[in-house]
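On the provided structure of chain A, position chain B as indicated by the hints.
So the sequence lines, in the order shown, correspond to chains A and B. Here our numbering is used: position 70 in the first sequence is 70, and no number is missing along the way. Here our numbering is used: position 287 in the second sequence is 673, and no number is missing along the way.
Incorrect hints may have been included.
Unchecked claim - No farther apart than 30 Å at their CA atoms in a straight line, the calculated lysine-lysine pairs in the DSS-like style are these:
hint : chain 1 : residue 1 : chain 2 : residue 2
1    : A       : K155      : A       : K367
2    : A       : K155      : B       : K698
3    : A       : K340      : B       : K446
4    : B       : K680      : B       : K664
5    : B       : K531      : A       : K5
6    : B       : K698      : A       : K157
7    : A       : K245      : B       : K700
8    : B       : K531      : A       : K160
9    : B       : K700      : A       : K167
10   : B       : K698      : A       : K167
11   : A       : K157      : B       : K697
12   : A       : K167      : B       : K697
13   : A       : K32       : B       : K531
14   : A       : K155      : B       : K700
I should point out that these hints are in silico values taken from the structure, not numbers from a laboratory.
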Amino acid sequence: MSDAKPLGGRILTPTFLVCLLVIGVAGYYTYKRFLLGIGAVANLNDGFPWGLWISYDVVVGSAFACGGYVMALMVYVFNGGRFHPLVRPALLASMFGYSLAGVSVLVDIGRYFNVYNLYLPWQINLHSVMLEVALCITTYVFVMWLEFAPAFVEKWKLTKFGAVLDKVVFVLIALGVLLPTMHQSSLGTMMLMAGYKLSPLWHTSTLPLLFLFTALFMGFAMVIFEGTLSGRVYRLEDETHLLAKIGKIIAYLIGVYLILRLQNIFVRGAMPEAFSGSFLGYMFLLENALLLGGMFILAYPGYRHSPRLLFIAAVLVLCGGALFRFNTYIIGYNPGTGWKYFPSIGEQMITYGLIALEIAGYMLFVKFFPVFSAGHKSAAPIPVKE
Amino acid sequence: MKMKRRDLLKGMVGGLALAVLDAPGTSEARTIQALPPEALGILYDSTLCVGCNACMAACKEANHMPVESGSAEQIWDNPVDLSAKTLNIIKKYENGTAATKDVATDGYAFIKRQCLHCVDPSCVTACPVSALTKDKENGIVSYDKDVCIGCRYCQIACPYHIPKFEWDVAYPEIVKCQLCSHLIEQGGISACCSVCPTGASLFGRVEDLIEEARRRLQMTPGKTYAFPVSSMDSGKTHSFTAPKYIRHIYGQEELGGTQVMYLSAVPFENFGLDAFPKESFVSMSSGIQYAIYKGMVYPLVVLAALMFMVKKNKHGETPDANLPAPRQDQALLTQRGEDNE
Numbered sequence: 001m002s003d004a005k006p007l008g009g010r011i012l013t014p015t016f017l018v019c020l021l022v023i024g025v026a027g028y029y030t031y032k033r034f035l036l037g038i039g040a041v042a043n044l045n046d047g048f049p050w051g052l053w054i055s056y057d058v059v060v061g062s063a064f065a066c067g068g069y070v071m072a073l074m075v076y077v078f079n080g081g082r083f084h085p086l087v088r089p090a091l092l093a094s095m096f097g098y099s100l101a102g103v104s105v106l107v108d109i110g111r112y113f114n115v116y117n118l119y120l121p122w123q124i125n126l127h128s129v130m131l132e133v134a135l136c137i138t139t140y141v142f143v144m145w146l147e148f149a150p151a152f153v154e155k156w157k158l159t160k161f162g163a164v165l166d167k168v169v170f171v172l173i174a175l176g177v178l179l180p181t182m183h184q185s186s187l188g189t190m191m192l193m194a195g196y197k198l199s200p201l202w203h204t205s206t207l208p209l210l211f212l213f214t215a216l217f218m219g220f221a222m223v224i225f226e227g228t229l230s231g232r233v234y235r236l237e238d239e240t241h242l243l244a245k246i247g248k249i250i251a252y253l254i255g256v257y258l259i260l261r262l263q264n265i266f267v268r269g270a271m272p273e274a275f276s277g278s279f280l281g282y283m284f285l286l287e288n289a290l291l292l293g294g295m296f297i298l299a300y301p302g303y304r305h306s307p308r309l310l311f312i313a314a315v316l317v318l319c320g321g322a323l324f325r326f327n328t329y330i331i332g333y334n335p336g337t338g339w340k341y342f343p344s345i346g347e348q349m350i351t352y353g354l355i356a357l358e359i360a361g362y363m364l365f366v367k368f369f370p371v372f373s374a375g376h377k378s379a380a381p382i383p384v385k386e
Numbered sequence: 387m388k389m390k391r392r393d394l395l396k397g398m399v400g401g402l403a404l405a406v407l408d409a410p411g412t413s414e415a416r417t418i419q420a421l422p423p424e425a426l427g428i429l430y431d432s433t434l435c436v437g438c439n440a441c442m443a444a445c446k447e448a449n450h451m452p453v454e455s456g457s458a459e460q461i462w463d464n465p466v467d468l469s470a471k472t473l474n475i476i477k478k479y480e481n482g483t484a485a486t487k488d489v490a491t492d493g494y495a496f497i498k499r500q501c502l503h504c505v506d507p508s509c510v511t512a513c514p515v516s517a518l519t520k521d522k523e524n525g526i527v528s529y530d531k532d533v534c535i536g537c538r539y540c541q542i543a544c545p546y547h548i549p550k551f552e553w554d555v556a557y558p559e560i561v562k563c564q565l566c567s568h569l570i571e572q573g574g575i576s577a578c579c580s581v582c583p584t585g586a587s588l589f590g591r592v593e594d595l596i597e598e599a600r601r602r603l604q605m606t607p608g609k610t611y612a613f614p615v616s617s618m619d620s621g622k623t624h625s626f627t628a629p630k631y632i633r634h635i636y637g638q639e640e641l642g643g644t645q646v647m648y649l650s651a652v653p654f655e656n657f658g659l660d661a662f663p664k665e666s667f668v669s670m671s672s673g674i675q676y677a678i679y680k681g682m683v684y685p686l687v688v689l690a691a692l693m694f695m696v697k698k699n700k701h702g703e704t705p706d707a708n709l710p711a712p713r714q715d716q717a718l719l720t721q722r723g724e725d726n727e
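Okay, chain A solo, but in the shape it has when bound (with noise of 0.2 Å):
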């Protein structure tokens, strides 16, 4: 059993009703999408057929998600069990972020009522990547759903579930550990097959590897910006000393990919490009200074001990982590045809919707179920300093 106790407190707070208001948009939307069409609502076209709801639902957000895959690795696999406290905040997020990943590829895929084909055994292609993605993203929700599980046994009490649970949850766990890193490296190798489409700033084969650093990084700065904003919002005990820790392993990570990143574009003789002065080349340089910004913020103990300037980190790795995955996806992305692309409102409208979704519905479990350690606070017989 875990010292995480449920919030309680109001329901309809002032954000939880903004949230509302616009997943109710997005569901005007969503109604048009599935009655005239993809093309009704989306600027999506044959030259970009991915537009933002594969990229930032589903790419970007994953990687958002992947607070509940780097802590699992962190605790469970390193042992880090200081870290625990974080773990189910961690996993709650990533649990909405995936979960809703799901349901965004229900909306953007054309035909799916023929989506069970992808669970067909004579029916799957086993050299697809995206058979990969979809087959390991579809099973880590329910993994993840079944890893929270402890939460609802010891919201309802459920002992015998809770008993039969105890016993695999490792099972679980490891599976969560493994999930994430297959398929976050393949969301990188799904842009392999673009070819010359992809400018040779994002393709390369070393792809796989930089998307799960992405996703490494991406998901520590992301329980770095969750664990501020809710222990401002909730009033919890300030973890700023366990946040600065996982901010030096970001640095770690960056500093590392960083080397990898830029050696791969100056071998393949693409860094000439970078500064050519071209949109792209800017765009490159942004999402790698965004990096560098907040690795640097993060290298010195100082500065990541700084609650302010910790959030400040998280939030630039976040920028330029996202930036990396839109830039593979859709800006670096030429059809190269005179085909033009920007999210159309109504397109956008959607994606907030499901964002708006994923933060009233983390805000709905965290009072409801025992997710945040608030308790350790008070129950831990510690003599907190002074």
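Frame of chain A; chain B shown alone:
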């Protein structure tokens, strides 16, 4: 048995190393696709095409495709590019005064765009549910709407921008040329070739078409030769003076080769046909996938190791009922201590 963390890390590093390895070593894990034995295709000779668009009309009729018109009345079929309503299109290259046919400068030329039916098709590899398949005998790449989930990865993957999507339909399909396989089944040939009056679109076995293309490349420009019409074995021929061909059969080797090939007197880049390497992008990405996921050995090994680690660590850290209570507090206390770096 004692599994050390170091071993696990080694395993993980090994897996990562595999993920980073550049193509040469890993792509061999996958057999490169070869031309099917009875491969069928089209040889399009730009110099023979007069731009009559008969093939476009025949294609629409044979495949029951709607008229696509720029005008409100929707009388004329005049698509500007391939689309969800157009599987085959004749496009025109123009330069300067556009006075002379088949000349790059101040000239014009025609090009036929349609699915090239790749030998190693990206779309088939990309499709997660095998909605796109390549026939083992005749090599035709066909589409099954009853399986397709509409993910559009085929559109991302196709280097020739061929598959199109019905954006304005509530339950859309992917649309592309299937070489009139429904006519071929009944002993016929692709509609575009059967109506082509000059033999610019020529249907046949790919091996015969390559042979024919090579014959044309050896012709002396200006001399008159017989050119087969409709299909290689139709027996019909036309006489034309041989043009000055670009000495390249587009599609014979591009990205592993295609079953629809082009001959032209104008450089292929002018038609927007990229100069591709011989190795397909498919072998690059699936080489990496194969190396890591072959037989699921690596993932399962890593999973086993992870389960072991998790089980061990979880027991060590859970504040179990049978653990003495103070231990936890102490742990928290020491943790406090170390945190002030």
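Verification of the hints:
no.: 1; hint: A/K155 x A/K367; in the structure: 11 Å, holds
no.: 2; hint: A/K155 x B/K698; in the structure: 27 Å, holds
no.: 3; hint: A/K340 x B/K446; in the structure: 28 Å, holds
no.: 4; hint: B/K680 x B/K664; in the structure: 25 Å, holds
no.: 5; hint: B/K531 x A/K5; in the structure: 50 Å, violated
no.: 6; hint: B/K698 x A/K157; in the structure: 26 Å, holds
no.: 7; hint: A/K245 x B/K700; in the structure: 21 Å, holds
no.: 8; hint: B/K531 x A/K160; in the structure: 46 Å, violated
no.: 9; hint: B/K700 x A/K167; in the structure: 11 Å, holds
no.: 10; hint: B/K698 x A/K167; in the structure: 13 Å, holds
no.: 11; hint: A/K157 x B/K697; in the structure: 24 Å, holds
no.: 12; hint: A/K167 x B/K697; in the structure: 10 Å, holds
no.: 13; hint: A/K32 x B/K531; in the structure: 23 Å, holds
no.: 14; hint: A/K155 x B/K700; in the structure: 21 Å, holds
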